[in-house]
Amino acid sequence: MHPYIPITEVDREEMLASIGAGSIEELFEDIPEVIRLGRKLELPDRKPEMELRNYFRELSMKNGSDYLCFRGAGAYRHYIPSIIGHIVSRSEFYTAYTPYQPEVSQGILQAIFEYQTMICELTGMDVSNASVYDGATAAAEAVFMAADITGRSKVLLPLSVSPDVRRVISTYCKASGIEVVEAAYSQGLTDINDLKSKLDSETAAVVVQSPNFFGCIEPCRELFESVHASGAAAVMHADPISLGMLESPAELGADIAVGDGQPLGNPLNFGGPYLGFMAVREKHMRRLPGRIVGETVDRHANRGFVLTLQAREQHIRREKASSNICTNQALNALTAAVYLSIMGSKGLKKVAELCMQKSYYAAQVIAGISKYSLAFGSPFFREFVVKSSSKAGDINLKLMEQNIIGGYELENDYPELKNHMLFCVTEIISKKDIDNLVNILGRRGR
Amino acid sequence: MHPYIPITEVDREEMLASIGAGSIEELFEDIPEVIRLGRKLELPDRKPEMELRNYFRELSMKNGSDYLCFRGAGAYRHYIPSIIGHIVSRSEFYTAYTPYQPEVSQGILQAIFEYQTMICELTGMDVSNASVYDGATAAAEAVFMAADITGRSKVLLPLSVSPDVRRVISTYCKASGIEVVEAAYSQGLTDINDLKSKLDSETAAVVVQSPNFFGCIEPCRELFESVHASGAAAVMHADPISLGMLESPAELGADIAVGDGQPLGNPLNFGGPYLGFMAVREKHMRRLPGRIVGETVDRHANRGFVLTLQAREQHIRREKASSNICTNQALNALTAAVYLSIMGSKGLKKVAELCMQKSYYAAQVIAGISKYSLAFGSPFFREFVVKSSSKAGDINLKLMEQNIIGGYELENDYPELKNHMLFCVTEIISKKDIDNLVNILGRRGR
Amino acid sequence: MERIELIFDRSREGKQGVVLPGSDVPEQALRIPDEYMRREEPLLPEVSETDVVRHFTALSRKNHGVDTGFYPLGSCTMKYNPKINEDIAQLDGFTGLHPCSPEELSQGSLEVLYNMDKFLVEITGMDRMSLQPAAGAHGELTGAMIIKAYHESRGDYKRDKIIIPDSAHGTNPATASMLGYKVIEVRSDSRGGIDLQHLKEIAGQDTAGLMLTNPNTLGLFDENIIEICRIVHDAGGLLYYDGANLNAVMGISRPGDMGFDIVHLNLHKTFSTPHGGGGPGSGPVGVKKKLEPFLPVPLIEKRNSRYFFDYDRPQSIGKVKMFYGNFQVILKAYAYILAMGAEGLKKASETAVLNANYIMRKLEDKYNLPYNRNCKHEFVLSGLKDKKDGITTMDVAKRLLDWGIHPPTVYFPLIVKDALMIEPTETESKETLDRFVEIMKGIAKEAVESDQLLREAPHITPVRRLDEVQAARKPILRWKAD
Amino acid sequence: MERIELIFDRSREGKQGVVLPGSDVPEQALRIPDEYMRREEPLLPEVSETDVVRHFTALSRKNHGVDTGFYPLGSCTMKYNPKINEDIAQLDGFTGLHPCSPEELSQGSLEVLYNMDKFLVEITGMDRMSLQPAAGAHGELTGAMIIKAYHESRGDYKRDKIIIPDSAHGTNPATASMLGYKVIEVRSDSRGGIDLQHLKEIAGQDTAGLMLTNPNTLGLFDENIIEICRIVHDAGGLLYYDGANLNAVMGISRPGDMGFDIVHLNLHKTFSTPHGGGGPGSGPVGVKKKLEPFLPVPLIEKRNSRYFFDYDRPQSIGKVKMFYGNFQVILKAYAYILAMGAEGLKKASETAVLNANYIMRKLEDKYNLPYNRNCKHEFVLSGLKDKKDGITTMDVAKRLLDWGIHPPTVYFPLIVKDALMIEPTETESKETLDRFVEIMKGIAKEAVESDQLLREAPHITPVRRLDEVQAARKPILRWKAD
Ligand SMILES: Cc1ncc(COP(=O)(O)O)c(C=O)c1O
Ligand SMILES: Cc1ncc(COP(=O)(O)O)c(C=O)c1O
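Protein chains in written order, with numbering that gives the first Met the number 0: chain A, 0 to 445; chain B, 0 to 445; chain C, 0 to 481; chain D, 0 to 481.
Check each hint, because a few of them may be wrong.
As the list claims (entries may be wrong) - Label pairs and their computed distance ranges (CB to CB):
1) C:ASP159 to A:GLU25: 39 to 45 Å
2) D:ASN303 to C:ARG30: 44 to 50 Å
3) C:VAL447 to D:LYS479: 36 to 42 Å
For the record, the hints were derived by calculation from the structure and aren't laboratory data. For each residue, glycine too, the CB sits at the ideal point set by N, CA and C.
Isolated chain A (complex conformation) (with noise of 0.2 Å):
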């Protein structure tokens, strides 16, 4: 027998004489010929449960998860409580499927709901979805949102918002026909200057990133008030982290808030499963891509939940959705719910507070050695940029012989920005951990 198929010979005589076929090939007569696979698939040979186990063991240690991690750079490693993976491992959660039937999905349908209202309370908007892909696809989301509302078709993007983030705006407004353009930075803020003489009225919106691809906290509101004065939407990326302690892009007048829901408990998974998170002021309720859950009644009139405003999906507007978004991230935002639940607002700032004495620190520390030099003057969150005399790839290899992951290497992406390292410092950071980093930085070059 094959794994997973309880179906026995027998059963599978008497099913086919049930239905009146002489084969299970006869099922599938209609299937031309010439385009039937006439060979085995070429695939390994099946492994037992426990030749699987060891296969991936194995595997699994080829990867380095146990170095000493400061990079950070859109994935971010945070403490996650014991509890969060004793209850997204609750089989009738994981595998069940979106609730359309909402009579026997009660569970995962309020915790969304539950998601909802934290994401309102962390961003200050009126109305969330139960999320989508990750933060990224939620900034090009929002981009179409903001299309869609203003009936412009421009973008500007400061380059200190992420480089991923970046591409995939770029990636989603190419092939619909939305303009992408980029403003500068300086200071490793958003160059106000810049950024207004790009706007106009073709602008239908601005992404701004806060704390932004370089660990700084952009002056949003500013920005922002330039982005309303020429009609254009302000889309706020923000990091739920953050949110513990820094105001909430409601506050600071963002009209879409977006952004990556990873730090909320879901581990780093080598990029995803992630969320994204959306939320955005009531006037543009309907306009929101994605599910949605709204709290209704039974026939009895107790309370319940469904999936709710559902003429702005896909499976029932088609092609005039609001967007084609159908599968979501449902279980990560529920590890979000869980998250914030144990974390409550005193735990999540807490984190946050240690982020910044952490990082505060390791800035300071590391600025303290000679060759090593803070990039930019702006506060920062959880991650700062340090700009080195020698190599910041030399500097890496030898951090990585003593087991440390060194900050991410900025050249990538910004050719300017050459021997500049991000680096990351989160609570699991400890300073045995900061000091033994700025040890090995301050050894002399071999």
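Fit chains B, C and D with the ligands to the known structure of chain A by using the hints.
Just chains B, C and D with the ligands, lined up with the frame of chain A:
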């Protein structure tokens, strides 16, 4: 706040007021001053969850659990199918206690009923209890039962029974006035002549382990005939994996079948928790110690399960109970039930056969090395005794350098078996592992 | 069952979940200036660990999943999710890997991605895959971008239409129009396939491509697939295969061999990864040789047994997602393929088809079967044959809930009136199928004899039938403190 | 709710769960001779992985645990089981360690055992612990063996009686008589403590020891404990502390300081390890200096920061269990102590006592409170004050089930008529306590106004009230193939 204590300061004040107490201390006023602890307990400062996780990760790595291990001697590394963890980690199971309230405990009750059935099927017996602490205490309880049944007070223990099992039986017997007499072994098997010579009208029970501590399969039928001839009860300590293939205790003539259920899906865990199983013929049903689950009906005649025959137990009978056992090893019994379900008779037999084939292969190739030979000529299961002309301790040190835990050194328990090692080979050991072992064993001394 | 409070209702000032350590670094003189700090705390729940565990455990118990019962939700392939895959996906070496780790330290995960590309190429008959898209619809979007990029790379800007069958899933037209394509619907014929005549009429110089699910959403294999491909190709369009239904044909027939140029798969359907209550999924996209240059960056290459990212792909459409896709989902699917092997995958498809036909034939007595052909892995019924007035397909669905069975997909595809789209999958035992048939027949009987039971269904679920109209009319989309 | 078939009912010839690999060693000429092989296969279920998962998942959903709701089961300390402890206990380095591994390779686990001994010594005020006993009753047995060994070591063979209060848990007398001791019951006085006069009368040269729970099973601290110890000690007996109720006094008062010679703890109660549906537990035994030589072997020692087993203890009673105890349970308890620290443990006891008194005072209106004193971590009520004829404590218990609350321990201790023994623990929030009070009051009202509701309770559980008498009369203790 302290973790796991959700009463807030405000709550506390409110509650004290409601009770009418001025302070928490007031609630402890009935404890005489002199025996109040006037100081803080001296314990390490509490660790936040994050630190706890790090501490234990590091601590666990101080164990050599990843060494290739050829040791059994009462605890066996068999393959544990994935689904077991998924089921026993369902919190409705593991956060419950003894099912005193059957209406909200049908889950564990039915599972134990199924467990009892499986143990009956394996052992061929009529009635099984819901588990006792481990295989050794099961054997001790069986001896107590036998003393009770026969009204006699001597037990015969062949030396081929596991030393730890004998130790536990002896501890129990000594404290309760049952005489323990040892019987010799020869060729790795109970010496039937010695046994016969010691059987008399005072003998309540003989405990035979098969496969015994040396891995050898005892001639149980013959042994039990002699036992019965003297009017004593035959207690068979059996290995549950071997019962997938070997004749059942009931067929062999045992009156009471016991054993350790650890191999049925329970991890090694440095010796526990495991579970002792106990099964008897119907006539002894009411003398069986421990919980027993029975089928019944509810007030609407629907089937349900309850703890039953409680008139045997301490909470009803107090000093007249058949044992003092209360908490047992329910979760391990559940584990065993899931294991036996996922394996089925075919799977269990296959595991047993793989153990046999691989251990016979290992025995043959080890015996093929000069300086090594098999100590006994009897058929064996999963374990076999190797005699070496070098020091067992040295051999094991040499193996340890290669990340291998070699055979159990029998001299610890059997002074006459100098440089004899008990090797264990289960289905998870590959030919490559065995060949690797043999290779190292075969190398010239250092 | 009692209603479960919102987690916010459990909140009490001063309660706390996890305990965090204090700061171990010296207090810093510099810090983020106050002007950046939020003035109002977000109102997150203040609850204890016990509260959180009880709350979400209780919620989970109000959810139906594959592990709690049969889930024949058509088009979604709700097969059993092997537990070993979950364990593998939890290995620290995989979960802990930062996506920006040096390649030298990512060889394990890169091997997964590299091999998975190869496996899916073999299974689909395509030439190259990108594993980046996060779900089926995301794969469609990526595929449609590739279609666009391809035509434009040839200087062909006139192709502004995508042809989509009237039976298609909503994501197909939604995808096309997201990129500004006009959607042209092609009719289905009486056997449930594409109306060839109609297709010929609409395919032309403005055709960018055709998106097709095959077997289609009726669960029927389009026998004219070769001809369909020829027509579209002749018109200069590309053929897009929506792989949602690949579970019917693994090891039996490959989209690449059928003539498709682009395909997306749903790893969360065909390849057994759990659906997570709505996601995450994974929607790899495969293409034929000529479209390879347009795939998203990066791809994974191997040289001297070392895996690395290839970003140097000038014609690439770019990135459609941060990093490299939903890695953990891909990992589970990869483990599934390794567990099944070639024979296992074929057996899965054969059995999925067997199971569907078995149920279909047992139900055609009581339910309308609009297309009387052998189906593939699923089939669509058109409501009850005999029933009291006003009894709907929705009533049938809701009544199934009382039996612990998740209803089939309902009212889709749109071309079948009162549709019930039933996909049993291969991981169900005959006993489960027989029980389902029995219950469905029982419901058919109730529809005639005790229709009130249906109208008021479900009866024993945590809540009774919910008012979706009110939800949409007066949207309450979040809790608010009062 | 539908009844769940037995796993055996799902069995079908040919179905299989896990797939095992083939043998990779050459076929051996030698094998176990056929005469040893079983002639009849055991009838284990032949089921698929999906079957097993669905079956046991469904069973789990019919079980009440701490994670599903309040569980004030007196004497059992059903506190919240921290999840981090479960994670720690699943670390491969711990689960995978063979008990016969060389000491050099067991240092991590030995450190746990070594430190735990030290921690428990500090918490109890004893001088040395053995962690070997698997549960409370097993600890009692070990302790009683030590009592015996102690007296015998002094050539004192006349002590054949153990004194036990009439309020004691059943395991106490059962333990004593397992070792051939005669059990002498000492009466309780009007304040719920031991009747000193009676104790004086029965304590004597034949007294081996006294077993006592303090706070006792009434939840009351025996204020005369010093005097009690004096009387027994003067008679030459030993004092045994049943630590089931230690959750009341951690960091506040220690059995060692009270005068006890031997103590057992229940790690599965006081130290938060899960009860596992009935086990496993862990019942460490601690003793005063003079009894140390009798502790089971091995103990763990440390020299030059290396841990090792000490078997060289000639006066030891021997082993009471294979290997070294329920290691994994001990590990969780150890993690708990590290998480709580000294202040946390004290706060736990204080709060457990606060919670119990809070509920007690709220319920004394409607339920009889036989001992009107401040209680410790639990208290015992003696049935309803006002009720319709024939309404029993069992009815109250069963009615609680309808509210998702596990009933208190009932009809124990035996000296209280219609006892309801309520132990909320410190891990419950005030809201949960308030809700419980409200429900208990509601039930009291029903007992007068709508007693039928109680008599027929529970109403909404998976099964209704079960017939325990029939179960015992016609025992069906296993499934049989028909
Ligand atoms: C036929 C078909 N196409 C596309 C999709 C979209 O896939 P996803 O939900 O993974 O985005 C679905 C999902 O149900 C589908 O059934
Ligand atoms: C007072 C008392 N003593 C002893 C025991 C026995 O402990 P265990 O069940 O762990 O054997 C219990 C268990 O409920 C108890 O409450």
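Outcome of the hint check:
Between C:ASP159 and A:GLU25 the CB atoms are about 43 Å apart, so this pair conforms to the stated range of 39 to 45 Å. D:ASN303 and C:ARG30 have their C-beta atoms about 47 Å apart, which keeps the hinted 44 to 50 Å range intact. Roughly 41 Å separates the CB atoms of C:VAL447 and D:LYS479, a value that falls within the hinted 36 to 42 Å.
Checked against the numbered hints listed earlier, the structure breaks none of them; every hint is satisfied.
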